[in-house]
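**Q** Single-letter residue listing:
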Amino acid sequence: MFKANITITLRTSILDPQGKATGHALGELGYKAVQSVRIGKYVELEIDAPTHAEAALVAKSACQDLLANSVMEDYHVEIQELVAN
Amino acid sequence: MSIRFGVIVFPGSNCDHDAYHVTKHVFGQDARFIWHKESDLGDVDFVIIPGGFSYGDYLRSGAIARFSPIMKDVVRFANAGGAVLGICNGFQILCESGLLPGALMRNESLRFTCKDVLLRTENSSSLFTNDLALGEIIRVPIAHGEGNFFASEPVLDRLEGEGQVAFKYCDAAGAITAASNPNGASRGIAGILNEGGNVLGMMPHPERASEAILGRTDGAKIFSSIVKSLVEA
Numbered sequence: 000m001f002k003a004n005i006t007i008t009l010r011t012s013i014l015d016p017q018g019k020a021t022g023h024a025l026g027e028l029g030y031k032a033v034q035s036v037r038i039g040k041y042v043e044l045e046i047d048a049p050t051h052a053e054a055a056l057v058a059k060s061a062c063q064d065l066l067a068n069s070v071m072e073d074y075h076v077e078i079q080e081l082v083a084n
Numbered sequence: 000m001s002i003r004f005g006v007i008v009f010p011g012s013n014c015d016h017d018a019y020h021v022t023k024h025v026f027g028q029d030a031r032f033i034w035h036k037e038s039d040l041g042d043v044d045f046v047i048i049p050g051g052f053s054y055g056d057y058l059r060s061g062a063i064a065r066f067s068p069i070m071k072d073v074v075r076f077a078n079a080g081g082a083v084l085g086i087c088n089g090f091q092i093l094c095e096s097g098l099l100p101g102a103l104m105r106n107e108s109l110r111f112t113c114k115d116v117l118l119r120t121e122n123s124s125s126l127f128t129n130d131l132a133l134g135e136i137i138r139v140p141i142a143h144g145e146g147n148f149f150a151s152e153p154v155l156d157r158l159e160g161e162g163q164v165a166f167k168y169c170d171a172a173g174a175i176t177a178a179s180n181p182n183g184a185s186r187g188i189a190g191i192l193n194e195g196g197n198v199l200g201m202m203p204h205p206e207r208a209s210e211a212i213l214g215r216t217d218g219a220k221i222f223s224s225i226v227k228s229l230v231e232a
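So the protein sequences, as listed, match chains X and S.
Counting along the first sequence from 1, when you hit position 63 you're at 62 in numbering that gives the first Met the number 0, and nothing is skipped either side.
Counting along the second sequence from 1, when you hit position 61 you're at 60 in numbering that gives the first Met the number 0, and nothing is skipped either side.
Treat each hint with caution, since some may be false.
To be verified - One-sided excerpt, in silico: chain S residues whose CB lies under 8 Å from chain X: (1) Gly55; (2) Arg59; (3) Glu107; (4) Pro153; (5) Ala211; (6) Lys227.
What the hints assert, rightly or not - Under 8 Å between C-beta atoms, here's a sample of chain S residues computed to sit facing chain X: (7) Ala77; (8) Gly81; (9) Met104; (10) Leu109; (11) Phe149.
As the list claims (entries may be wrong) - Straight-line Cα separation of at most 20 Å, EDC-like style, residue types lysine to aspartate or glutamate; simulated pairs: (12) X:Lys19 to S:Glu145; (13) X:Lys2 to X:Asp15; (14) X:Lys40 to S:Glu231; (15) X:Lys19 to S:Asp56.
Derived by calculation from the structure, the hints in this document are not laboratory data.
In this text, all values refer to a predicted model and were calculated from it rather than measured experimentally.
Where a beta carbon is used, it is the ideal one built from N, C-alpha and C, also for glycine.
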């Protein structure tokens, strides 16, 4: 069993007003080191697949078919193996 | 002969009765609701995908509704040249389903915006807009949080070049300005047509502005265009 940790964000070429507003607020709080903020979604999938590579294929396919809209969003998939107790 | 309007109903649709009322009672046509679990549109002549919050806007507006059983037949109907109007959430569903290009992002203001806007008619020859004059300004309300139309520059150029932009947000003089744009939409685009001109998606709500008793009648011109086009066809 594998777990896919998926982050979905607006494509970098697209203005993220939520991130921008949050970045301003951090600046007001004194976080001068923070240069930019981008806000996205986080999705976890538990995937029953024989190998790490096949779990990654399932997760990427799910992103393309439903989880992300490629017109405006990018996704990033990280796969970890779940070890049974 | 009456035009048979089919209004698709998803869990969370909330403008389905408005669309039904306008087509049935204001324009005297045949109208029926079609539950999203149906797999067949039946013998309808025209499909309306109404506004609302299908599936609670989970994941993205329109993303889940797109997979409802009825959408397969809506795609088949549209690809065969059938006329489809998507209003607000309906526009979002049409983009998610690939019947229209682009996507609707969160409003630049990050706020749900509910107010009247002015629209400039950019295409007056489509079956949805032929009762309007090119450049004619109409007043129609919007009510959405995710109506910020986005597409890549080449897609936007193609939409404009091919006359697929139906409406743009404008000011009282008809100018397309940042101040007249309520959601940050690329090039002020409020509604677009598909390549065949038989699918229109728009964020504003013409069905809420089609009767004098509601204080606005400009939206009726879209429905009168549709009725005229389909009766003559």
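**Q** Indicate, hint by hint, whether the structure satisfies it.
**A** Structure-based check of all given hints:
Proximity of glycine 55 (chain S) to chain X is violated relative to the hint, the smallest CB-CB distance being about 15 Å (cut-off 8 Å). A cut of 8 Å between beta carbons decides the hint on arginine 59 (chain S): the least distance to chain X is about 6 Å, and the hint holds. The beta carbon of glutamate 107 (chain S) comes within 5 Å of a beta carbon in chain X, closer than 8 Å, and the hint placing it at the interface holds. With its C-beta approaching chain X no nearer than about 12 Å, proline 153 (chain S) sits outside the 8 Å limit, and its interface hint is violated.
Using the Cβ-Cβ criterion of 8 Å, the hint placing alanine 211 (chain S) at the interface with chain X is not satisfied: the shortest such distance is roughly 38 Å. Evaluation of the lysine 227 (chain S) hint against chain X yields a violated restraint, the C-beta minimum of about 34 Å exceeding 8 Å. With 8 Å as the threshold, the beta carbon of alanine 77 (chain S) stays out of range of chain X, its nearest partner Cβ sitting at about 19 Å, so the hint is violated. For glycine 81 (chain S), the suggested interface contact is broken, since its CB lies about 24 Å from the closest CB of chain X, more than 8 Å.
Here the hint on methionine 104 (chain S) is kept, as its CB sits about 6 Å from the closest CB of chain X, short of 8 Å. Hint on leucine 109 (chain S) holds. Least Cβ distance to chain X is approximately 6 Å, under the 8 Å limit. Hint on phenylalanine 149 (chain S) holds. Least Cβ distance to chain X is approximately 5 Å, under the 8 Å limit. Restraint check: the Cα-Cα separation between lysine 19 (chain X) and glutamate 145 (chain S) comes to about 17 Å, which is no more than 20 Å; the hinted pair holds.
Restraint check for lysine 2 (chain X) and aspartate 15 (chain X): not satisfied, since their Cα atoms lie roughly 28 Å apart, outside the 20 Å limit. Under the criterion of a C-alpha separation no larger than 20 Å, the hint pairing lysine 40 (chain X) with glutamate 231 (chain S) is inconsistent with the structure, at around 48 Å. The straight-line distance between the Cα atoms of lysine 19 (chain X) and aspartate 56 (chain S) is roughly 23 Å, outside the 20 Å bound, and the hint therefore fails.
Hints 1, 4, 5, 6, 7, 8, 13, 14, 15 from the earlier list are contradicted by this structure; the remaining hints agree with it.
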